[in-house]
Amino acid sequence: MGRIYVRPSQRSARPQRIRTVQLLIGFWVLAALLAACGQPAPDVSEVSPAASSADSTPVEAGTPSASPQKTYPVKLKHDGGETTIMKEPGRIVVLGDEMAERALALGIKPVGYGSSRLQSASVGSPVVRTSYLDPKLLGQPKFVGSSLEPSIETILSLKPDLILYLYYDPKLYESASRIAPTLAFDVGQKGAWQRALKVVGQAVGRQEMADEIIRDFDARRKALRDQLAPVAKSSPQVAVLYLPSPDTTMVFDGRFTLADIFPDLGFRLTQPSGVQIGRSGFSEVSAEALSELDADNIVTIRIKGTEGQRQYQAEEVLLTLGVPVRTYFIDPERPYTGPYSEPSFMDDFASLLLGRKASWEQRSEVPRGRVREAGSPL
Amino acid sequence: MTATSFHLTRSSPALSLGLVVALGVLLAVVIVSVLYGAADIGAATVWAALFSYDGSTEHLIIRTLRVPRALVAVLVGGSLAVAGAVMQGVTRNPMADPGLLGIEAGAALAVVAAVHFQGISSLAVYTWFALAGAALAAVVVYALGSAGRGGITPLKLTVSGAALTALLSSLTTGILLLDRRTLDEVCFWLAGSVAGRDLGLMLQALPLICVGLLGALLLGRKVTTLSLGEDVARGLGQRTAWVRAAAALVVVLLAGGAVALAGPVGFVGLVIPHAVRFFVGVNYRWILPYSALAGAIFLVLADVAGRLILRPQELPVGVMTALVGGPFFVYLVRWKVRR
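Residue numbers (our numbering), protein chains in the order written: chain A, 1 to 378; chain B, 1001 to 1339.
Please note that the accuracy of each hint is not assured.
Stated by the list, open to error - Derived SDA-like pairs: lysine to any residue, alpha-carbon spacing no greater than 20 Å straight-line:
1. K304/A <-> A1241/B
2. K70/A <-> G80/A
3. K109/A <-> P181/A
4. K304/A <-> L1177/B
5. K304/A <-> Q1313/B
6. K159/A <-> G139/A
7. K159/A <-> D134/A
8. K304/A <-> I1120/B
9. K304/A <-> H1116/B
10. K304/A <-> L1178/B
11. K77/A <-> V199/A
As the list claims (entries may be wrong) - Some residues of chain B that are not near chain A, with every Cβ distance over 10 Å (derived):
12. P1013
13. L1035
14. G1037
15. L1065
16. R1092
17. R1311
Hints are computed from structural coordinates only; laboratory data are not their basis. Source: prediction; values computed, not measured. All residues carry an ideal CB built from backbone N, CA and C; glycine is no exception.
Starting from the given sequences, assemble the full structure and let the hints guide the process.
Written out as structure tokens, the structure is:
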């Protein structure tokens, strides 16, 4: 459920030596906040009749008006409370990349987009592209600033009739609610995007589409799980390590949003012995502690763009352990969860564990993180 | 400074012996640093790792993680402490420190700007930008501090250093906010850490730091004279402008080299010279070598503590030094600066 913000939300000028500490503390606090506002999610895997789909892209979107399921006003429960939507929304602002995925998957073309990840966007200008979303899906929403501290004025100027908010700050939720009906959703535990998708589906009259996306996702997960079953049987223990920089090593357990994909695929997540992982699902450790790691498979996650850099020290230690070490280069703009990202990560991780390269090269329209194998020294 | 002036007469043989002892202590803490860490590795294995390397996990940890970081801590701690001591002597400012006076912030900004505008991602090239940034910041802070009536005073210098640090840090933050990729590349470096540095990198910064240290030791006597006051120094025939320029060069080499290697590590340059003065008096011929050794010992110990406190997690060494240095700074402001 944690979420890594590499970008801190600071505005003031403070001494640089404490900046990264702030950054780390900020991200712990954020993770804790997110943990605190999370609510138990329904087990969506129950809603899974078998269907087969091998494509990561959710169902092709039509226009909202083509949908037959419209009854307004509609009263909806969400993580921020209860909101009544009086008429079919046409001008929708999304805050948060996870939220954006949920909306885009339902064919919504937002008029405003708030993101804490987009690198090249500037407030008030249209978001022309992201590193991973199809521009046709995205439209050209105006960038409204960081989803943690969006520009309320820019949102106001867009005259939205619905705001989809990735839940973070109750005060911000209130401000947003005063502008337009606001549906707020947690980044959340397992199944958060599915839950949100259903509610948003109701809000725009596309419940069936939401259900279909979830069904397809579940089917795909099951197919991958079946495909991986022999590997999961012979080498069930996977250690997932995040190496955001040459001297930072983080270990995950299944409570962390990205790492929770591995248990879904039938594997058991393991950590170096002696490492206590907080409820945010991750813990930073010394590279030395990796010598205490007992795993059958090791997946290290590095930031995309560092492919050319030397091996990190943590990786050097891991390579002496005598088990396959596979490196995944993650796109820093991409959220860790959502109807686009989760299937995509799931495919890539499955390919990693199968010892194959992920298929990102063939899907140029939806570029992924890159994969490099490091079973032998690089 | 005045409180310790009676130590001026401490005998040279005693002080020389002290240096040998300090060198022994440094060696001991380096050994401790190599022996202890998140992984439990016995002394015999450590010995084997150093002298008959077999590529095992333990040996790799010793060779590529522990030894480099101990040596980097020695270099960085020594450099920063000497840079701080020289600055304190030349500017007659008890609160001078490469961190407090904006020199580290200048080096950091130069590196971040280099990564952002030039796309440089090699730690080796960081060094040159760090040096340039440190030099520019030193010039600016000195100019700011000496502007206005009454020339340079400790208070003015400290305030202009603080103002410059704030300005440079906000520019750095601005660049990082604009560009996430830069942040990803340099954020580990900005923490002020001696972990994750390999020996190759250290060898690149080594010549600069050695020149800086040598220069500082040669300047020792002149810095002592200058620390008695500009008038006294001139009266004794010293060409103070040249001494100041040489001292500035030394500080830039030391602070810039240290920052390039470890990122900004605060307070070493502030705390160590004061602690040293307490033992050796006010003669910079002794303060400087003692500062080099004490700074190295301090940073190695801070790094060991940072590794062991939250084991198996780690605190960057910059955080550890700030924990000690912060309270000490308050003490200095309260008791040492009466203006």
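Going down the list of hints, with the structure as the test:
{"no.": "1", "hint": "K304/A <-> A1241/B", "result": "violated, 50 Å"}
{"no.": "2", "hint": "K70/A <-> G80/A", "result": "violated, 23 Å"}
{"no.": "3", "hint": "K109/A <-> P181/A", "result": "holds, 17 Å"}
{"no.": "4", "hint": "K304/A <-> L1177/B", "result": "holds, 18 Å"}
{"no.": "5", "hint": "K304/A <-> Q1313/B", "result": "violated, 25 Å"}
{"no.": "6", "hint": "K159/A <-> G139/A", "result": "holds, 17 Å"}
{"no.": "7", "hint": "K159/A <-> D134/A", "result": "violated, 25 Å"}
{"no.": "8", "hint": "K304/A <-> I1120/B", "result": "holds, 16 Å"}
{"no.": "9", "hint": "K304/A <-> H1116/B", "result": "holds, 17 Å"}
{"no.": "10", "hint": "K304/A <-> L1178/B", "result": "holds, 18 Å"}
{"no.": "11", "hint": "K77/A <-> V199/A", "result": "holds, 8 Å"}
{"no.": "12", "hint": "P1013", "result": "holds, 39 Å"}
{"no.": "13", "hint": "L1035", "result": "holds, 12 Å"}
{"no.": "14", "hint": "G1037", "result": "violated, 5 Å"}
{"no.": "15", "hint": "L1065", "result": "violated, 6 Å"}
{"no.": "16", "hint": "R1092", "result": "holds, 24 Å"}
{"no.": "17", "hint": "R1311", "result": "violated, 7 Å"}
Of the numbered hints given earlier, the model fails hints 1, 2, 5, 7, 14, 15 and 17; all others are met.
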